[in-house]
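A.B. asks: Here is what each chain is made of, one letter per residue.
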Amino acid sequence: MTDAAARQTSRYVSQAPFQPEDDDAANVPNPPNFMARLRAQRLAYLAFGVLLTLYAMLPFIEFLAPYDSETRNPDAIYAPPQSVRLFHDGEFRGPFVYGYSARVNEETFKREFTIDKTKVQPLRFFCAGEAYHFLGFIPANTRLICAAPGESLFLLGSDRLGRDVLSRVLYGGRVSLTIGLFGVTISLVLGVFFGVLAGYVGGWVDTVILRIIETLRSLPELPIWMALAAALPAAWSPLWIYFGITLILGLLDWPGLARAVRARVLALREEEFAIAARLMGASPARIMTLHMAPNFMSHLIASATLAVPAMILGETALSFLGLGLKPPVTSWGVMLNEAQNLAVLEVYPWLLTPLIPVVVVVLAFNLLGDGLRDAADPFSR
Amino acid sequence: MSKPAATSSALLSVRGLKVYFPVRQGGLFGRQLALKAVDGVSFDVRAGETLGVVGESGSGKSTIGRAVLQLIKPTAGQVVWLGENIAGFSRAKMKPKRQSLQIVFQDPLASLNPRMTAGDIIAEPLDTFEPGIGRDERRRRVEEIMAKVGLLPQMINRYPHEFSGGQNQRIGIARAMILRPKLIIADEPVSALDVSIRAQIINLLGDLQKEFGISLIFISHDLAVVRHVSHRVLVLYLGKVMEIADSTALNARPRHPYTQALLSAAPVPDPTVEREKRRIVLQGDLPSPLNPPSGCVFRTRCPKAQAKCAAEIPKLEPRGGSADHLVACHFPD
Numbered sequence: 001m002t003d004a005a006a007r008q009t010s011r012y013v014s015q016a017p018f019q020p021e022d023d024d025a026a027n028v029p030n031p032p033n034f035m036a037r038l039r040a041q042r043l044a045y046l047a048f049g050v051l052l053t054l055y056a057m058l059p060f061i062e063f064l065a066p067y068d069s070e071t072r073n074p075d076a077i078y079a080p081p082q083s084v085r086l087f088h089d090g091e092f093r094g095p096f097v098y099g100y101s102a103r104v105n106e107e108t109f110k111r112e113f114t115i116d117k118t119k120v121q122p123l124r125f126f127c128a129g130e131a132y133h134f135l136g137f138i139p140a141n142t143r144l145i146c147a148a149p150g151e152s153l154f155l156l157g158s159d160r161l162g163r164d165v166l167s168r169v170l171y172g173g174r175v176s177l178t179i180g181l182f183g184v185t186i187s188l189v190l191g192v193f194f195g196v197l198a199g200y201v202g203g204w205v206d207t208v209i210l211r212i213i214e215t216l217r218s219l220p221e222l223p224i225w226m227a228l229a230a231a232l233p234a235a236w237s238p239l240w241i242y243f244g245i246t247l248i249l250g251l252l253d254w255p256g257l258a259r260a261v262r263a264r265v266l267a268l269r270e271e272e273f274a275i276a277a278r279l280m281g282a283s284p285a286r287i288m289t290l291h292m293a294p295n296f297m298s299h300l301i302a303s304a305t306l307a308v309p310a311m312i313l314g315e316t317a318l319s320f321l322g323l324g325l326k327p328p329v330t331s332w333g334v335m336l337n338e339a340q341n342l343a344v345l346e347v348y349p350w351l352l353t354p355l356i357p358v359v360v361v362v363l364a365f366n367l368l369g370d371g372l373r374d375a376a377d378p379f380s381r
Numbered sequence: 001m002s003k004p005a006a007t008s009s010a011l012l013s014v015r016g017l018k019v020y021f022p023v024r025q026g027g028l029f030g031r032q033l034a035l036k037a038v039d040g041v042s043f044d045v046r047a048g049e050t051l052g053v054v055g056e057s058g059s060g061k062s063t064i065g066r067a068v069l070q071l072i073k074p075t076a077g078q079v080v081w082l083g084e085n086i087a088g089f090s091r092a093k094m095k096p097k098r099q100s101l102q103i104v105f106q107d108p109l110a111s112l113n114p115r116m117t118a119g120d121i122i123a124e125p126l127d128t129f130e131p132g133i134g135r136d137e138r139r140r141r142v143e144e145i146m147a148k149v150g151l152l153p154q155m156i157n158r159y160p161h162e163f164s165g166g167q168n169q170r171i172g173i174a175r176a177m178i179l180r181p182k183l184i185i186a187d188e189p190v191s192a193l194d195v196s197i198r199a200q201i202i203n204l205l206g207d208l209q210k211e212f213g214i215s216l217i218f219i220s221h222d223l224a225v226v227r228h229v230s231h232r233v234l235v236l237y238l239g240k241v242m243e244i245a246d247s248t249a250l251n252a253r254p255r256h257p258y259t260q261a262l263l264s265a266a267p268v269p270d271p272t273v274e275r276e277k278r279r280i281v282l283q284g285d286l287p288s289p290l291n292p293p294s295g296c297v298f299r300t301r302c303p304k305a306q307a308k309c310a311a312e313i314p315k316l317e318p319r320g321g322s323a324d325h326l327v328a329c330h331f332p333d
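Protein sequence lines correspond, in order, to chains P and X.
Just so you know, this note's numbering puts 339 at position 339 of the first sequence, and the rest follows in order with no gaps.
Just so you know, this note's numbering puts 278 at position 278 of the second sequence, and the rest follows in order with no gaps.
Mixed in with the good hints, there may be bad ones.
Said to hold, decoys possible - Below are the EDC-like pairs computed for lysine to aspartate or glutamate, each with C-alpha atoms no more than 20 Å apart in a straight line:
#1 P:Lys110 <-> P:Glu338
#2 X:Lys73 <-> P:Glu271
#3 X:Lys95 <-> P:Glu338
#4 X:Lys315 <-> X:Asp333
#5 X:Lys73 <-> P:Glu91
#6 X:Lys73 <-> P:Glu272
#7 X:Lys210 <-> X:Asp270
#8 P:Lys117 <-> P:Glu91
#9 P:Lys119 <-> P:Asp75
Read the hints as simulated data drawn from the structure, not as lab findings.
Construct all of the structure, not just a fragment, from the sequences and the given hints.
C.D. replies: Structure representation (structure tokens):
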């Protein structure tokens, strides 16, 4: 091909080495990576931003919430939401809310609150409110918003014990948002373990795991949740109940992920590059971690993301039925549990506000999961 | 590509290799049948030589390669590698052998992990067999072999999809070569490539063989390619050897009617010869290996078939004029 070939031909052959890509080797653009492809999915990227913001807020809930989740105000039971205003009688007064005027309803013998447009109560920011421990150990009392001195502030209204709904939604998010993540982590660990085992080992191991998966998936979800949740010892502290519920949600969710992983592993082990690795003497562990995992990880992350909303909804459903978390732990489900009464809802609809974050978070996770799935496999569409 | 003289010591001896696959016919409760992919194949590969394996698709040529590598456990027979029968070896026992027994695949892109860079792919055997070497030494060895196979060192951090098919096959060859193996099984290494690239890859394999004295098993369905690169050629039909001979002897005078048919179909780069050439066109398809014909497996398509062919299985015997030229035919030419 080289010298010999050149000598044999009569035509001119350059003796200079052929270096076709000498100059532009460095200029080849990198293919869009995972994050770049995700960024191209506008809606998913927006959802990603929303979720990131929400999760970033969690450590600062005490600062963001005007009150503690359990602070009661007996003078303002079922107070309606106050809206923030800037102008009073056409005059700029800075951010303020109108105060309440209470009146006893002669027919129902209940105190009813109405917004009193004469009481201008300016809001305070970065003010000294109720004391709390930032991150659990730093004593602090600074809050983002406080009511005017001696007054109360219920931007989303108050509940039957006079607790601030806004503060409770914020505190509830801490539980509701993390329970999905912990549950998915458990489900992910179990799913990857059993999926890889079934897919890679095959044979009777595969059969046994598949039968377990099928059995678990054929169980009706809600009754099993309820049975397991009811089996949690009543004497457990709220923190233990929280972990118990997480565990239940994770234990019932892994079969779906395990199946996805198994399918990927089965497909990948027949891929020629996996066979090549085997023939190059690579150990099964090396083939799994180096050759297979990177090729199914992005799919897995997408499936896991799509599993988070199911977990959040599961917790909400359990707590709504009174089987999940119980007061004094606050979650969106616990709050909705207190809003079960139709009569209550008609008169105090603001008790349904926890539905809004549930919908937003579930929607965001679903959008993000779809986007991740598309970004993980740009050739699949 | 010139062919260096092969030494006569056998590196790999395959004796009576059989690979049967269990197949269930007729749904869930059907009979279990044995698909005889490879049925009693014997051959030697000597140090530094290229053994070409030709056959139609379904003749079992790839299965032979995989059975030698113990990717598929042989049903019966011996695979003697450097004096040791490795047939049926476990993964752990096979591992030290893999250092000197490598493979190049047909589909260059599929055989490379899409998530690994060219450098990491090439270094893969190095990582398993010599994990102790430092980063610099690893990089040096990778760049050295990249230069040998005609890749530029600055391509080390690129991913397979950024390369052309020919370049990917060079990566595959570099990966097989990096440990300086004694034998490389090239399973249709050029079939997936453009015709214009084929010659480059074939020449590259030849150059590497010359430089490092490796042996090659060159598996292909294309007799024109095989006879060009091989010292000896093994013609396979329905899992059985039809003819093994020196490449030159086979070219000059094929004895088996099947080889004759294959050779007559291979184009000759000389218009006068090509025009004069008598083509033997085989009728029909390869019979099912589930239910092979009795006697000689080729008899259903053989222009010379007689009653004896259906009754008796022809033995692979030196009937070609030299002890090296083995033919399995009752009526060789």
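A.B. asks: Does each hint fit the structure? Answer for all of them.
C.D. replies: Results for each hint:
1. P:Lys110 <-> P:Glu338: The given pair, whose Cα atoms are some 19 Å apart, holds under the 20 Å limit.
2. X:Lys73 <-> P:Glu271: 19 Å, holds
3. X:Lys95 <-> P:Glu338: 65 Å, violated
4. X:Lys315 <-> X:Asp333: 15 Å, holds
5. X:Lys73 <-> P:Glu91: 90 Å, violated
6. X:Lys73 <-> P:Glu272: Holds, because 18 Å separates the two Cα atoms, which is no more than 20 Å.
7. X:Lys210 <-> X:Asp270: Outside the cut-off at roughly 28 Å; violated.
8. P:Lys117 <-> P:Glu91: Holds - the C-alpha atoms of Glu91 (chain P) and Lys117 (chain P) are around 14 Å apart, at most 20 Å.
9. P:Lys119 <-> P:Asp75: Holds, at about 16 Å.
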